[in-house]
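**Student:** Given next are the chains, with one letter for each unit.
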Amino acid sequence: MAIKVEMFSVPGCGKCAEAKEALKTVAEDLGADKVAWRDVDILEEMDYAAELGLMSSGGIAIDGRLVFPRLPSAGKLREELIRRLKG
Amino acid sequence: MLTIGKIAEQALVTTDTIRFYEREGLIRPARKSESGYRLYTEEAVRRLGFIKHAQECGFSLAEIRELLELRSDDASCCDDIYKLAVEKKLQLETKVKALKAMSQALSSLIEICSRDRRSLDECPILGALEAGIAQQRRNDK
Numbered sequence: 878m879a880i881k882v883e884m885f886s887v888p889g890c891g892k893c894a895e896a897k898e899a900l901k902t903v904a905e906d907l908g909a910d911k912v913a914w915r916d917v918d919i920l921e922e923m924d925y926a927a928e929l930g931l932m933s934s935g936g937i938a939i940d941g942r943l944v945f946p947r948l949p950s951a952g953k954l955r956e957e958l959i960r961r962l963k964g
Numbered sequence: 009m010l011t012i013g014k015i016a017e018q019a020l021v022t023t024d025t026i027r028f029y030e031r032e033g034l035i036r037p038a039r040k041s042e043s044g045y046r047l048y049t050e051e052a053v054r055r056l057g058f059i060k061h062a063q064e065c066g067f068s069l070a071e072i073r074e075l076l077e078l079r080s081d082d083a084s085c086c087d088d089i090y091k092l093a094v095e096k097k098l099q100l101e102t103k104v105k106a107l108k109a110m111s112q113a114l115s116s117l118i119e120i121c122s123r124d125r126r127s128l129d130e131c132p133i134l135g136a137l138e139a140g141i142a143q144q145r146r147n148d149k
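Order-wise, the sequence lines are chains P and C. With the first sequence counted from 1, adding 877 to any position gets you our numbering. With the second sequence counted from 1, adding 8 to any position gets you our numbering.
Keep in mind that the hints were calculated from the coordinates and are not lab data. Since the structure is predicted, the reported quantities are computational estimates derived from the model, not experimental observations. Ideal Cβ placement from N, Cα and C applies to all residues, glycine included. A hint or two may mislead.
Some residues of chain C that are not near chain P, with every Cβ distance over 12 angstroms (derived) [as the list claims (entries may be wrong)]:
| id | residue |
| --- | --- |
| 1 | 10 |
| 2 | 58 |
| 3 | 75 |
| 4 | 97 |
| 5 | 98 |
| 6 | 130 |
| 7 | 135 |
| 8 | 140 |
No more than 25 angstroms apart at the CA atoms, straight line, and that leaves these computed lysine-lysine pairs for BS3-like [unchecked claim]:
| id | chain 1 | residue 1 | chain 2 | residue 2 |
| --- | --- | --- | --- | --- |
| 9 | P | 953 | P | 963 |
| 10 | C | 96 | P | 897 |
| 11 | P | 897 | C | 108 |
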């Protein structure tokens, strides 16, 4: 089953969009069959974001748990995803 | 030009508050009088109102400083402010959830109290708290 990656951001934020693309590429490079990416609009799903304990834009949840409370580097995300795929 | 007392009166804050904001870098007098009294323009009253309202929305002083900088920076845009507002709402919602969980935990403790005035050794609330701590230690191991 594919790893579920959810990136939380505020729509319209230019800086978030740039960073998001770089991170999304990490997931796409690993293959959509292995990593399922979902962009989450914080405003639309505020309840879910708060449930996870998210406090700022750019956070990433993996398989329903907040793994990166703040925007990670592409390298760190790749490292974490590869670790999970191997495990 | 207005004295600190006058702007305090108009903004409905104390002069101590204004001096505190000054130490925090949120407001500055336009100049000082010959005798060293702080003098402000009308803009200071609006700035104080801004700070007060931002605090009521849950923004910390550091965040308010950021908002004030964005307010005066021509390069900032709507997105910057919008993002700060959404993030602040998110932080508050996360805290509300955490507080609700605490309230729920307390409800459970209150429910197990039999109110029959036992000695503290037999207090079910204290017992539950100790058992909770013991469980935590086992989980940590």
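**Student:** State for each hint whether it applies.
**Tutor:** Status of each hint after checking the structure:
1. For residue 10 of chain C, the condition that its CB be more than 12 angstroms from all CB atoms of chain P holds, with the nearest at approximately 38 angstroms.
2. The claim that residue 58 of chain C lies off the interface holds: its Cβ sits roughly 22 angstroms from the closest Cβ of chain P, which is beyond the 12 angstroms cut-off.
3. Once the 12 angstroms rule is applied to beta carbons, residue 75 of chain C is consistent with being away from chain P; the minimum gap is 16 angstroms.
4. Not every CB of chain P lies more than 12 angstroms from the CB of residue 97 of chain C, the least distance being 7 angstroms, so the non-interface label is violated.
5. A cut-off of 12 angstroms between C-beta atoms contradicts the statement that residue 98 of chain C is not in contact with chain P; the least separation is 6 angstroms.
6. The beta carbon of residue 130 of chain C is kept farther than 12 angstroms from every beta carbon of chain P, the shortest such distance being approximately 37 angstroms.
7. Against the 12 angstroms criterion, residue 135 of chain C stays outside the reach of chain P, whose nearest CB is about 30 angstroms from its own CB.
8. No Cβ of chain P comes within 12 angstroms of the Cβ of residue 140 of chain C; the nearest lies about 20 angstroms off, and the non-interface call holds.
9. The suggested pairing of residue 953 of chain P with residue 963 of chain P holds, with an alpha-carbon distance near 15 angstroms, which does not exceed 25 angstroms.
10. At most 25 angstroms may separate the alpha-carbon atoms for a hinted pair to count; residue 96 of chain C and residue 897 of chain P meet this at roughly 21 angstroms.
11. Taking the CA atoms of residue 897 of chain P and residue 108 of chain C, the gap is about 32 angstroms. The hint is violated against a cut of 25 angstroms.
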